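Chains as they are written, first to last, in our numbering: chain A, 1 to 368; chain B, 1 to 416.
These are computed hints drawn from the structure, not numbers from a lab.
These numbers were taken from a predicted model, which means no experiment stands behind them.
Accuracy of the hints is not assured; some may be wrong.
Here are the computed lysine-lysine pairs in the DSSO-like style, where the Cα-Cα straight-line distance is at most 30 Å [unchecked claim]:
hint, chain 1, residue 1, chain 2, residue 2
1, B, Lys165, B, Lys91
2, A, Lys27, B, Lys165
3, A, Lys341, A, Lys209
4, A, Lys341, A, Lys27
5, A, Lys27, A, Lys209
6, A, Lys341, B, Lys165
With the Cβ distance kept under 10 Å, some of the chain A side facing chain B (calculated, not the full set) [claimed, not checked]:
hint, residue
7, Asp194
8, Gly251
9, Ile353
Where is the CB? At the ideal position from N, CA and C, for every residue including glycine.
Residue strings, one per chain:
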Amino acid sequence: MTELHTPPYVVNIGPQHPSTHGVFRLKVTLDGERIIDAEMVLGYLHRSMEKLAEERTFTQNIPFTDRMDYLAAMTGNLAYCLAAEKLAGIEVPERGSYLRVIFAELQRIASHCMANGTFVNDCGAWQTPLMYMFRDREKILDLFEMTCGARLTTNYMRIGGVAFDVPDEWYPAIKALVAELPDRIAEYEELLLDSEILLARSRDIGVLKPEAAINASTSGPLLRGCGIAWDVRKADPYCVYDRFDFDIPVGHNGDCFDRFIVRLEEMRQSLRIVGQALTHLPGGPVSTPVPLALRPEPGEAYARIESPKGELGFYLVSDGGPTPYRFHVRSPSYINLSVLKDLTVGLSIADAIVTLGSLDINVGEIDR
Amino acid sequence: MIPFLDAWYDLRSLANPVRELYDWLRDNTADEVVYVVSAVIGAVAILTFVGLGALANVWLERRIIGRIQVRRGPNRVGPFGLLQPVADAIKLIQKEVLQPRASDAKLFNLPPILVFIPAMLTFAVFAWAPDMVYANLNVGVLYLLALSSITSLAIFIAGWASNNKYALLGAMRVIAMAVSYEIPLVLALLSPVLFVGSMNIPTIVDWQRHYDVWLAFLLPMPVLIYAVAATAELNRTPADIAEAESEIIAGFHTEYSGMKFGLFYAVELVNSLAVSGIMASLFFGGYSLYGLDEWLPPWLIFIGKIYFFYFGLIWLRGTLPRLRIDQLMALAWKMLIPLALINICIVATEVLLWRELELTDWVLAAYIAINAVLTVFFIGAFFRLITARFYRLPRRVRLVHDISVPSLPAPGAAAQ
Numbered sequence: 001m002t003e004l005h006t007p008p009y010v011v012n013i014g015p016q017h018p019s020t021h022g023v024f025r026l027k028v029t030l031d032g033e034r035i036i037d038a039e040m041v042l043g044y045l046h047r048s049m050e051k052l053a054e055e056r057t058f059t060q061n062i063p064f065t066d067r068m069d070y071l072a073a074m075t076g077n078l079a080y081c082l083a084a085e086k087l088a089g090i091e092v093p094e095r096g097s098y099l100r101v102i103f104a105e106l107q108r109i110a111s112h113c114m115a116n117g118t119f120v121n122d123c124g125a126w127q128t129p130l131m132y133m134f135r136d137r138e139k140i141l142d143l144f145e146m147t148c149g150a151r152l153t154t155n156y157m158r159i160g161g162v163a164f165d166v167p168d169e170w171y172p173a174i175k176a177l178v179a180e181l182p183d184r185i186a187e188y189e190e191l192l193l194d195s196e197i198l199l200a201r202s203r204d205i206g207v208l209k210p211e212a213a214i215n216a217s218t219s220g221p222l223l224r225g226c227g228i229a230w231d232v233r234k235a236d237p238y239c240v241y242d243r244f245d246f247d248i249p250v251g252h253n254g255d256c257f258d259r260f261i262v263r264l265e266e267m268r269q270s271l272r273i274v275g276q277a278l279t280h281l282p283g284g285p286v287s288t289p290v291p292l293a294l295r296p297e298p299g300e301a302y303a304r305i306e307s308p309k310g311e312l313g314f315y316l317v318s319d320g321g322p323t324p325y326r327f328h329v330r331s332p333s334y335i336n337l338s339v340l341k342d343l344t345v346g347l348s349i350a351d352a353i354v355t356l357g358s359l360d361i362n363v364g365e366i367d368r
Numbered sequence: 001m002i003p004f005l006d007a008w009y010d011l012r013s014l015a016n017p018v019r020e021l022y023d024w025l026r027d028n029t030a031d032e033v034v035y036v037v038s039a040v041i042g043a044v045a046i047l048t049f050v051g052l053g054a055l056a057n058v059w060l061e062r063r064i065i066g067r068i069q070v071r072r073g074p075n076r077v078g079p080f081g082l083l084q085p086v087a088d089a090i091k092l093i094q095k096e097v098l099q100p101r102a103s104d105a106k107l108f109n110l111p112p113i114l115v116f117i118p119a120m121l122t123f124a125v126f127a128w129a130p131d132m133v134y135a136n137l138n139v140g141v142l143y144l145l146a147l148s149s150i151t152s153l154a155i156f157i158a159g160w161a162s163n164n165k166y167a168l169l170g171a172m173r174v175i176a177m178a179v180s181y182e183i184p185l186v187l188a189l190l191s192p193v194l195f196v197g198s199m200n201i202p203t204i205v206d207w208q209r210h211y212d213v214w215l216a217f218l219l220p221m222p223v224l225i226y227a228v229a230a231t232a233e234l235n236r237t238p239a240d241i242a243e244a245e246s247e248i249i250a251g252f253h254t255e256y257s258g259m260k261f262g263l264f265y266a267v268e269l270v271n272s273l274a275v276s277g278i279m280a281s282l283f284f285g286g287y288s289l290y291g292l293d294e295w296l297p298p299w300l301i302f303i304g305k306i307y308f309f310y311f312g313l314i315w316l317r318g319t320l321p322r323l324r325i326d327q328l329m330a331l332a333w334k335m336l337i338p339l340a341l342i343n344i345c346i347v348a349t350e351v352l353l354w355r356e357l358e359l360t361d362w363v364l365a366a367y368i369a370i371n372a373v374l375t376v377f378f379i380g381a382f383f384r385l386i387t388a389r390f391y392r393l394p395r396r397v398r399l400v401h402d403i404s405v406p407s408l409p410a411p412g413a414a415a416q
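Looking at chain A on its own, in the form it has when it is part of the complex (with noise of 0.2 Å):
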């Protein structure tokens, strides 16, 4: 009998494609439907932020990092601020830390509901989960837009604390919120991890070794759901991440189902953050004043946080100018996005979604 041969075929995921989290794209040769090569294309959303950046002052370029991670536009914000104050050398008072520290959780949390949303999705749910997770993620933006007016591009901190102190009706909201959302959580947890067809769909697939998460410099979930307690809040903190107490959730095997289980356990890790900084909130202004034309000496400075995407990191170099003479940015999407290749040959097409779902990428931050 002859083996019955098939030529491979090339087919693009993307731009324009349902699963794609924006405009990414995933050049694929297939055999049938195995894929047999991958070749990421980048550049689709690419607005040319970094040097962009280079022309405005320090303050003005803020808004800039809403739109890189436009789905966790608070912790974009942090890290600029969090570069820029190391370079110019400005201490952020109390307040403002710790509303910084509320601010950051909360878009953690709305950024996992999302990811976990949409990654149900890919595994071929009817819109259910993500509409489930959306309910709660709405909840989080109307306390965003109860502070600063904006709920999806915030540009809420500014160098030396936060543009303004939040509103007296958010304290009860902030609070019915905290009471609520573990139920919630645990409702997901219920509803989606002993589901058979969850399981089967992503556990074992798109397994990433530890070693080769390290090597590619992962982080984030990614990195975590591999089994490595990495997070940066623990292992280099800032703001005031010291004070308090919370667990890295880590995953066994690295595969998809592991990014999702810790992306839900994060969820309520950091609701347990946002508690007890509500209960330690102190008072007193939320921000120092700092020149509108801030001008550090000439210098550089690295600052990083851990976005709910990953490690995310600012390098600033200020030649004593008004603006920063190098802007450049450590992006977790883009660096966690290196893996996929690896992990997608040799998968089926419909793994490759599902594994590409689970990195959870952000093609704003990733083209910057």
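Assemble chain B onto chain A, guided by the hints.
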């Protein structure tokens, strides 16, 4: 003026007024007219049900899925959004019908029509009431199975003619799935046929009414097998791999737009009704409802049952993720087909004992108990076998409180 009998207004069977008309026509016109008129009346009735059913299903599907997804669903067009399907249809008709230049023009236009015909023909053999049967086929079940294969062929043509790689992937998946799922489907439907000893659907319904027991209680295993296999054949989640929005965009109908897409969409909804109808007729007593059919119009009971199962399909779509194609195949070949074969052996033995030993009808009660136990045992065993590997690793994360940070060299140390 047509002389009506006293019973014509008895809406428990819509056949009454129609029979009046036939009798009058037979007395007053040629035989050909009777044939043509009876054919037209039945066809119009079925088309009306299918057409209105498709519209109602659009609304139901969107409303119920909306409720499942903690949102309201369409509620702007008309009261409770009831006119939403009409608005959808108008939108689809207005849209430009695009046709890829590289597509096979003739074949490309064929499937939207070809796919609709078997969907509507299915309803011809259903028994809506004791004497409301459009086509009283003695091979009704075989006819249903034959029709369900045509749909797969039409979908394959659509995928092939589009000349699109996603459509082709969808088409290949459809063929692979049709080949696999046809077998458990046929074997599952064979059980009621064996038990009743007829392929005629009104006979099967009558049998259930006569013995006062739904075949679903007697044969729980084929009910479950049929439910899974039919969901797979229907292309709905959790088995919508031929469309698989998150993977291959829209699968076989990626290139179809406007009303051509609308037809595919409508067919899916009509086919869901057809599958629910088969389920209701063969396993759940058709129009009978334990004596209640004396009071309620039987056709209303039948439609109610159809929509009961249709609700189940919507519920499944709203809650379950999708299986991968090879997992779906494995489910068919490794679980459903062996189960269906085991089931056929059990059913055949039981029927043989009942007929040959001329047991009393009370043996049915024993069969219900035996089959329930066997179903739980076999399905449980297969399910455990298939899902065992998922529980190898814990499904909850490990929590780490303190992390060890490797000590970095002091700043400037590297320079030395």
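Hint check results:
{"no.": "1", "hint": "B/Lys165 with B/Lys91", "verdict": "27 Å, holds"}
{"no.": "2", "hint": "A/Lys27 with B/Lys165", "verdict": "13 Å, holds"}
{"no.": "3", "hint": "A/Lys341 with A/Lys209", "verdict": "14 Å, holds"}
{"no.": "4", "hint": "A/Lys341 with A/Lys27", "verdict": "10 Å, holds"}
{"no.": "5", "hint": "A/Lys27 with A/Lys209", "verdict": "24 Å, holds"}
{"no.": "6", "hint": "A/Lys341 with B/Lys165", "verdict": "21 Å, holds"}
{"no.": "7", "hint": "Asp194", "verdict": "8 Å, holds"}
{"no.": "8", "hint": "Gly251", "verdict": "6 Å, holds"}
{"no.": "9", "hint": "Ile353", "verdict": "5 Å, holds"}
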